[in-house]
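Novice: In order, the protein sequences belong to chains H and B. Numbers 2 to 305, taken from my numbering, label the letters of the first sequence in order. Numbers 2 to 305, taken from my numbering, label the letters of the second sequence in order.
Do not rely on the hints blindly, as some may be mistaken.
The list treats identical chains as one, so a pair stands whether inside a single copy or across any two.
Said to hold, decoys possible - List time: in silico BS3-like cross-link candidates among lysine-lysine, alpha-carbon distance up to 30 angstroms: (1) Lys258 x Lys296; (2) Lys258 x Lys180; (3) Lys258 x Lys29; (4) Lys180 x Lys29; (5) Lys29 x Lys296.
By construction, these hints were calculated from the structure, which means they are not laboratory data.
There are 2 protein chains.
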Amino acid sequence: MLERRIAIVGAGLIGGGWVLHFLRLGFKVHIYDPAGGSAERLADAVRANWPLLGRLGLADDARPDRIVWHGAAADAVREAAVVLECAPERLDLKQGLFAELDRAAPPDALLFSCTSSFTISEIRGRTARPARCLLGHPFNPPHILRLVEVAGGPRESEPVRRAMAFWLSVDKVPVHLRKELPGHLVNRLTAALFREAVHLVAEGVADIEDIDRAVALGPGPRLALAGPFLNYHLGGGAGGIAHYLEHLGPSQVARWKTLGAPELSEEVSARIVAGVRSETAGRSVADLAAERDEKLLRLAELLS
Amino acid sequence: MLERRIAIVGAGLIGGGWVLHFLRLGFKVHIYDPAGGSAERLADAVRANWPLLGRLGLADDARPDRIVWHGAAADAVREAAVVLECAPERLDLKQGLFAELDRAAPPDALLFSCTSSFTISEIRGRTARPARCLLGHPFNPPHILRLVEVAGGPRESEPVRRAMAFWLSVDKVPVHLRKELPGHLVNRLTAALFREAVHLVAEGVADIEDIDRAVALGPGPRLALAGPFLNYHLGGGAGGIAHYLEHLGPSQVARWKTLGAPELSEEVSARIVAGVRSETAGRSVADLAAERDEKLLRLAELLS
Numbered sequence: 002m003l004e005r006r007i008a009i010v011g012a013g014l015i016g017g018g019w020v021l022h023f024l025r026l027g028f029k030v031h032i033y034d035p036a037g038g039s040a041e042r043l044a045d046a047v048r049a050n051w052p053l054l055g056r057l058g059l060a061d062d063a064r065p066d067r068i069v070w071h072g073a074a075a076d077a078v079r080e081a082a083v084v085l086e087c088a089p090e091r092l093d094l095k096q097g098l099f100a101e102l103d104r105a106a107p108p109d110a111l112l113f114s115c116t117s118s119f120t121i122s123e124i125r126g127r128t129a130r131p132a133r134c135l136l137g138h139p140f141n142p143p144h145i146l147r148l149v150e151v152a153g154g155p156r157e158s159e160p161v162r163r164a165m166a167f168w169l170s171v172d173k174v175p176v177h178l179r180k181e182l183p184g185h186l187v188n189r190l191t192a193a194l195f196r197e198a199v200h201l202v203a204e205g206v207a208d209i210e211d212i213d214r215a216v217a218l219g220p221g222p223r224l225a226l227a228g229p230f231l232n233y234h235l236g237g238g239a240g241g242i243a244h245y246l247e248h249l250g251p252s253q254v255a256r257w258k259t260l261g262a263p264e265l266s267e268e269v270s271a272r273i274v275a276g277v278r279s280e281t282a283g284r285s286v287a288d289l290a291a292e293r294d295e296k297l298l299r300l301a302e303l304l305s
Numbered sequence: 002m003l004e005r006r007i008a009i010v011g012a013g014l015i016g017g018g019w020v021l022h023f024l025r026l027g028f029k030v031h032i033y034d035p036a037g038g039s040a041e042r043l044a045d046a047v048r049a050n051w052p053l054l055g056r057l058g059l060a061d062d063a064r065p066d067r068i069v070w071h072g073a074a075a076d077a078v079r080e081a082a083v084v085l086e087c088a089p090e091r092l093d094l095k096q097g098l099f100a101e102l103d104r105a106a107p108p109d110a111l112l113f114s115c116t117s118s119f120t121i122s123e124i125r126g127r128t129a130r131p132a133r134c135l136l137g138h139p140f141n142p143p144h145i146l147r148l149v150e151v152a153g154g155p156r157e158s159e160p161v162r163r164a165m166a167f168w169l170s171v172d173k174v175p176v177h178l179r180k181e182l183p184g185h186l187v188n189r190l191t192a193a194l195f196r197e198a199v200h201l202v203a204e205g206v207a208d209i210e211d212i213d214r215a216v217a218l219g220p221g222p223r224l225a226l227a228g229p230f231l232n233y234h235l236g237g238g239a240g241g242i243a244h245y246l247e248h249l250g251p252s253q254v255a256r257w258k259t260l261g262a263p264e265l266s267e268e269v270s271a272r273i274v275a276g277v278r279s280e281t282a283g284r285s286v287a288d289l290a291a292e293r294d295e296k297l298l299r300l301a302e303l304l305s
């Protein structure tokens, strides 16, 4: 493994998931998180998830207590080879934090932001060494799903090459983006799907529960196996994607022109909230998330 | 089971999948398909898929040869309780066919079109009994995935109520659409996702293989478990979807405004074809589809 000295700044939902991931691989994890009660919440999460991490495979030296808390971000990253910034999604906060991390971390450390809302170019604006500050965006939960989106430099630049090698070395599949866009890559795809789902709700085409059910029983399982291009390749018969694009491409383009551009109005939001409430029938988010994680793990076992 | 007398008009990819499904449940299936070699192709498909159907669960009276071929559509549907039209996607062909099916089938039969390109209102225009002509749109492969989209009448109308009961009785999950739209429901959602994927290719953000990999390792597994609303509910922390919409709704709406509206130009199409060719590395569509079906089956077993 390339870089054993990991620091995680912000141990909430995403940062906490990264902690689980690196504990599983036997890392000692240095953490800074100023939020009240964060150490207790993280300890609870480690305890609750340790059996699941065991099923993913524990390294010989994996222990649930290999966590070192620090009272300042600069202290947490002082000896780090890799820093993961998972602070709240506020641009000024992240900009200031990155300037501080850049000053305190060793000059050859890689600094990743887990931001979902901003581009790394926005975040690293106040650093002295912006080239080593990169996007490292996981897909929740980061201790189970293997995708990491990397952006912030050309594929052949030294920091990006090191970043790709690092993520591969820690059991992740990095995907490099040549350009920075709001939402990076997959959150743009899910936003596009969500926009149309909201349109169908706004138009009264189907209920929330029916839309969720339709996705999970139709395209969802296929998207767990393959992305959109490979899916349409299999929809093209023996001629594959070339046949599909030639014969059904025009009908796709015609359909695109009919897709909606809804407002997320208060009325539509209220219908979504009511629909999800009916769908989840009193079960807590924590309970639903635990069930999801259990199923994601079994799915990962099945597909690996 | 409600309606045992099934007729399938058109036994290609989708119609053939329906044949497999109903053979598995022990039905005798009446078929009309004028395409040359269709009987041999279907027999091959039944033989190749019988072990897979066995794992899904064969009815006691399921036999691979309970197929009755007819030389005319009218003959195939003469005694049917349920007719599934899966002819090629040409509107004039389907309109003429539905007029013929409507004349020949018993007055109380339900007639479903599997069309993905047209609305049922367009297709049933020349029938004498349009109310009993409905959309019954599966998601490929129909012998594995359980979704059926039903449209063409109000939820409480007698034909729609019978249609929903029929699909439930044959191990499917019907979702009723209150309005007809191009692409019905899920194909609009996948079209929205595909449009943004094409945009990212056109903009040079990422390679075809990376986009496919990112979906399958990120949002795909979650969409196999739950649809978009439930996914964002779990992204909202303890406050669920209400918290998500309140705090991250505006950033979703802002992201929607940045989504692309690409052309499916010859140049972009060529890049997609080249990317998929590289990704599939010489494997045939049939081989890839068989692997997909095997994995979908195991996924269905896991999630059921």
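Novice: Honestly, which of those hints from before does the structure not fit?
Specialist: Numbers 1, 3, 4, in rising order.
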